[in-house]
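*Asks:* Line order of the protein sequences matches chains A and B. Under the working numbering, residues 494 to 900 are what the first sequence spells out, in order. Under the working numbering, residues 494 to 900 are what the second sequence spells out, in order.
Hints listed in this document are in silico derivations from the structure and should not be mistaken for laboratory results. Hints may be right or wrong, so weigh each one.
Taking lysine to aspartate or glutamate and the DMTMM-like style, the derived pairs with C-alpha atoms no more than 20 Å apart in a straight line are [said to hold, decoys possible]:
1) B:838 <-> A:551
2) B:594 <-> A:578
3) A:881 <-> A:835
Protein chains: 2
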Amino acid sequence: MRLSKLFGKTTRTAKVYDSVNATLLQKAGFIDMVMAGVYNYLPLGLMVLTKIENIIREEMNTVASEVLMTSLSPRSFWEQTQRIDTVDVLMKTSPANDLAKQKNDSEYILNPTHEEMVTPLVQKFVFSYKDLPQAVYQIQTKFRNEPRVKSGLMRGREFRMKDMYSFHASMDDFKAFYEKSKEVYKRIFDRLGIGKETVIALASGGAYTKEYSHEFQTICETGEDTICFDEETNTYYNKEVAPQEKKFKTMRAAEVGNIFPLGDKFTKDWKFSYTNAEGKEAPIYMGSYGIGPSRVMGVIVEKMHDEAGMIWPTSIAPAEVYLIVIGKEADTVKQADALYEELKKQGKSVLYDDRDVSPGQKFSDADLIGVPYRLVVSKKTDGKIEFKKRTGKETQLVSFEELLKLI
Amino acid sequence: MRLSKLFGKTTRTAKVYDSVNATLLQKAGFIDMVMAGVYNYLPLGLMVLTKIENIIREEMNTVASEVLMTSLSPRSFWEQTQRIDTVDVLMKTSPANDLAKQKNDSEYILNPTHEEMVTPLVQKFVFSYKDLPQAVYQIQTKFRNEPRVKSGLMRGREFRMKDMYSFHASMDDFKAFYEKSKEVYKRIFDRLGIGKETVIALASGGAYTKEYSHEFQTICETGEDTICFDEETNTYYNKEVAPQEKKFKTMRAAEVGNIFPLGDKFTKDWKFSYTNAEGKEAPIYMGSYGIGPSRVMGVIVEKMHDEAGMIWPTSIAPAEVYLIVIGKEADTVKQADALYEELKKQGKSVLYDDRDVSPGQKFSDADLIGVPYRLVVSKKTDGKIEFKKRTGKETQLVSFEELLKLI
């Protein structure tokens, strides 16, 4: 993309928000705050979000079918599970003015999670043991009226979520799938560039099971959670469930995913059972599996930045290459334009900084935006290309052929 | 995809809904009604929806930058334009229970359209004539509390929408872009397979302009609108604005897109102007441009089906090929499995009907689901492949090499 044509601008203002990710992502023109916990995605931010979601999608497709459930649901769905009065982030909709009220005064629930939706949906298609197991997932906007929102994209009232739900004929089958989902999640966080810093911590299973749930926690100074490491057993715990008597190494972390055994809580509420091979009705066991793509985006910025700006892993950077042209001489512009086209032909994604701004601003925006490789074409590079990694200090002058080997 | 692994099933029930698209899409397991005007997308339906959205995205990217604005907005945004009390489909959110109310009793508007969001967003980045024109679009879920919903995906309370907004330094610049957008829309409807049946009809510009707006209307017996054709001037009008005194040829049509001149209504409300080349403040002219991908999906089913089921244009079919294996003999299954893998290698998308159901059900599901090509492998095909077009009657026995030339 030519930056001169792209909507959104980096800002020079030194406005500091409540978190590094909110500050850098807004300074770099990736996101824009509408109100606390509610952010617009500008083109550069949407590119990153889309890449994160596509990596998640590719890996989820190996174990589940993608669906798209609705945000609105009837109140009766939430009464069925008795959660209508207990979920403290639950919102409902109603007409916003008198005219709307006169025409249709219906109220709906705005789903903050989808157990209430997916259970009756899957129930429509599952009758016997032959129809199990089932696993479906979606990538979607979720709405939660969190009392406190802070930390930029790390906790929002409107945010992106991948949620998977699985349904099983036996506890054994559930457990096997649950273990498999851990491997899928590990692959996802590896590909997102935070695999090494992300650990599985045991956490409370909540009201529906005596089992632990499992949180994927990225070690991060600015994370909201404290996790405890038991060196003897090589196990991490969320502080909430860490046995008091033991001595732990504690550290801060940010939750990037979680997986939950749900037992038969929801299937029972919906009277959703199946006929087993012996012709008898049997309970269905369920699990839920979440990753927040927008939250992950925030956590990655918290982890990967320096004084100059963000440092994106190649897999989710808005582009692979940031190409700067300096000077307006016809030869220079022609070389830069040709390089831009040639890189695109080679399948490279390029942010081409062809704006009419100072070289200083281009260099500082390249660092702020945080694309893996920076290229410069100017009169001084004399037909060659100046190459620099975002994470390196040295520049080198290379030919086009040499460049292709480097990126 | 192997149908045995895919979530969702075709149903044998003869349940008839209020429209052909709702009936066929639910019978074929593409969508699932949650409540009136609110539908879940199952895997096959989501594949079609995603293909429609990607075609729209590719074409929109030639004229605008993609963003993702939020569904929640503060009430003040809608007060700024005085539309808070006049939009009759406007919904607000509030806490759904007492516990939620105690923790955070904020109310938000659930955006049914995004003029109120995009105007202050673009305002943040536009100061002088050098920053204009701007055009941004998003593809997103919209919420409208329509008094009446019917016709399946053709009119929903929660639906998918592509909305673009453009901002211009002069009326001339706006008009040039507006004309260009018509060409972009024509390319989109061509690629979606309804180009020939889709005409531009003049319609009311609404409260903000004396100009006509332009509706893209697909000629369709079951459409909600009536359009009038003036043979003298070769012009279509929405019936609402058709001059009474003239004699028109009238026909039913379904609106699949619309483009609107907005004048300076919204920019004025937000005190959003720019500094022109002479250093003076000048007004900014705006347009909005919508296409509803889910609505388009419904209209295409209305237009393209027969007694046996849906007939998808290749560009948006859930797959190119529906491969049926008949019989459980090892040789037959091996041939079908190998053909499935080989077609995937060739980049073809395949629905592989490997289910343990009768041949009759496989044939009838192939027609119902409406993929362009049907292949059969059985003992009878004797190492070859039976080929049939969804729209044709004849079958032919072909080798793999011959098949590749046909599809």
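*Asks:* Would you mind marking each hint as holding or not holding in the structure?
*Replies:* Tested hints:
The suggested pairing of residue 838 (chain B) with residue 551 (chain A) holds, with an alpha-carbon distance near 17 Å, which does not exceed 20 Å. The suggested pairing of residue 594 (chain B) with residue 578 (chain A) holds, with an alpha-carbon distance near 11 Å, which does not exceed 20 Å. For the suggested pair residue 881 (chain A) and residue 835 (chain A), the alpha carbons sit about 19 Å apart, so the restraint of at most 20 Å is met.
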